[in-house]
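Engineer: The lines below spell out each chain.
There are 2 protein chains.
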Amino acid sequence: MSEKSEKLDLLARKIYDSLENGEVPALDLPTRTRENIVLDTLSLVWKYGSTKTTRSATSLDGAEYILKTLYLIDFIKEMYSVSKTSTLREMYYISEGWGHAKFHAQEESNMLAEDLEVITTMLREELSLRPEENGASIIGDITIEEKNRKGDFKKINCRDDVGDGGYNIPYSVETDKIRLIGTNAKFILAIETGGMFDRLVENGFDESFNCILLHLKGQPARSSRRLLKRLNEEFKLPIYVFTDGDPWSFRIYASVAYGAIKTAHISNYLAVPSAEFIGITASDILNYELPSDKLTDKDIQALNAELKDPRFQTEFWKQEIDTMLMSGKKAEQQSLAKYGLDFVTDTYLPDKLGAVGGGR
Amino acid sequence: MSEKSEKLDLLARKIYDSLENGEVPALDLPTRTRENIVLDTLSLVWKYGSTKTTRSATSLDGAEYILKTLYLIDFIKEMYSVSKTSTLREMYYISEGWGHAKFHAQEESNMLAEDLEVITTMLREELSLRPEENGASIIGDITIEEKNRKGDFKKINCRDDVGDGGYNIPYSVETDKIRLIGTNAKFILAIETGGMFDRLVENGFDESFNCILLHLKGQPARSSRRLLKRLNEEFKLPIYVFTDGDPWSFRIYASVAYGAIKTAHISNYLAVPSAEFIGITASDILNYELPSDKLTDKDIQALNAELKDPRFQTEFWKQEIDTMLMSGKKAEQQSLAKYGLDFVTDTYLPDKLGAVGGGR
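As you go down the protein sequences, you meet chains P and A in turn.
Going by the numbering used here, the first residue of the first sequence is number 29, and it counts up by one from there.
Going by the numbering used here, the first residue of the second sequence is number 29, and it counts up by one from there.
Simulated from the structure, these hints should not be mistaken for lab results.
Just so you know, nobody snuck in bad clues.
Copies of the same chain look alike in the list, so a pair counts if it works inside one copy or between any two.
Here are the computed lysine to any residue pairs in the SDA-like style, where the Cα-Cα straight-line distance is at most 20 Å: (1) Lys175 <-> Asn185; (2) Lys183 <-> Asp169; (3) Lys366 <-> Leu95; (4) Lys178 <-> Thr373; (5) Lys178 <-> Glu235; (6) Lys175 <-> Asp189; (7) Lys366 <-> Glu160; (8) Lys182 <-> Asp169; (9) Lys175 <-> Asp188; (10) Lys205 <-> Asp189; (11) Lys182 <-> Thr171; (12) Lys183 <-> Thr171; (13) Lys366 <-> Asn138; (14) Lys182 <-> Gly232; (15) Lys183 <-> Glu173; (16) Lys357 <-> Ala133; (17) Lys366 <-> Gly127; (18) Lys366 <-> Glu135; (19) Lys130 <-> Pro319; (20) Lys112 <-> Gly232; (21) Lys214 <-> Thr373; (22) Lys326 <-> Gln247.
Construct the entire structure; sequences and hints are all you get.
Structural biologist: Next comes the structure, spelled out in structure tokens:
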């Protein structure tokens, strides 16, 4: 039996033993909220703190939670035996046949999948579960090997062997699926929007600045963050994050650099604390006189929440968030087109990269 | 000067001549609404009818419209001269410098880009304008050549030369960018969601049924529809559309098969009237007892609108829409997972393909 299967069996046995011994079965989990994330001073990423939540069969909810966990373990072991994976949505529908363990909403099944990661210390990818779709891509001089459906590793250079759309990042980029072979690039630029990614591709920024472009596609999927982490660790490539200038984009940066609240149990695998923000700031909007939109009530709420978020307690962020609240303005990265299609590659990015010590 | 440039100059000259002759400049366009689409009995796709809208400089709005058209022509000619393209978003921001011709919202600039297609009978791709992002992909045994940024054609087999994410469809798939070299596939399956696309890839459906899988990614981008059209025309491959079972998915099928209302001026380039619907129907939801959701008020409105839509006036659609309204239920394609991860490839699709005469 595989090591993965054994870990799952251990958990099932723990619950079984409780019942055998006449105890009420229970599972302990770190509380997964913003209030319970703390900076790990060794790795400089944010992780869950010591507050625990207990799911115990003393309540009906707790009992159903444990039942669902057992059904899920059974489903995952079944997938192992036929080498299949399942989307989170499929797993939700599969539970139709689980009687009392049927999920009532997809948020519930998604949450349990993450809880199971926390409890077993396995990655969701190891549990054969994957998100709906990714669609994020990279382009640039990096050679990888991807294991295809037949089990063969196929070598792909993400500049020479792909079209202008780049290489599609698969849902799992762990070493059993993706091997990083080599690169001549000097850094990685992670870009929020597809429009800007395409602009940098068309302007040949990856070639003139000898870098890899990665399309984050909004709040990045785990596989995109994991790939950034591996590129940073295995090739020592610095990472620069280029986003829109609004509170949601600041969170995109934070999840790349410090880890996300929902995935704080695997920040070590995903977060790159040295990643630098070179997205649109509140000061850029004013200095470059960028076309901007008024902050909405939701934007203002989000900015105020960030002022309390442990991940944003640096001078830089406090000042930028205050400036944005004061000016009441946000702007998109594509608003740089006000000065023409080349302004971003001729002026904005070289300036920003220079300021943080990156670039050529 | 290129033929494309000449077409744009002709339009500018027309407006200039009006002014020279002391006439009020005006532009005539077919009215772009559902009420003004008619079935072209020769090509079996839906096109604009004879109702016209006139934009004339007798009103301030009309005068600004003509001014914006001239600025846009100028911008496109500038892009021709440096071999660049622009996203629709960038074009919106570029207009910041156009004084009175500045766009007030992106809907306005998007609409003008489409109007310019209608007036000049050029494709948006020929006007060097592109949408934000696509991210749709295909996988299967088809060999293409894509012209890269350096102007070289690069050969790619969309089964052997790509990862599990497939080949990313670029924004333009016209012959100057993409050449279709060869295929052994017998048909194309166009799939609405990424989760289902990944399921069919994992289950090896493209290999066991010798077909090409194309991820529509919701309402398909023009480039996805154009690629389907070219695959259908150049390789005589039949197209089957596999979607969720709800009114929005019916529209996805309609846009592939009959053309979309907004792009009825280029239905000839995009629509494949022979495309067959094998998505989830109202009858499937009942017959397979699929997990379903209640129709929302918006869903019901959309279904009622479809009953009046000229594209849905067939016995099949009238009956399915009525059944859906009566049952009050919709379902996703992934709900087939109720019967396990292989049900869709072992049972559902073979049954459906058999019923429409497709498949092996």
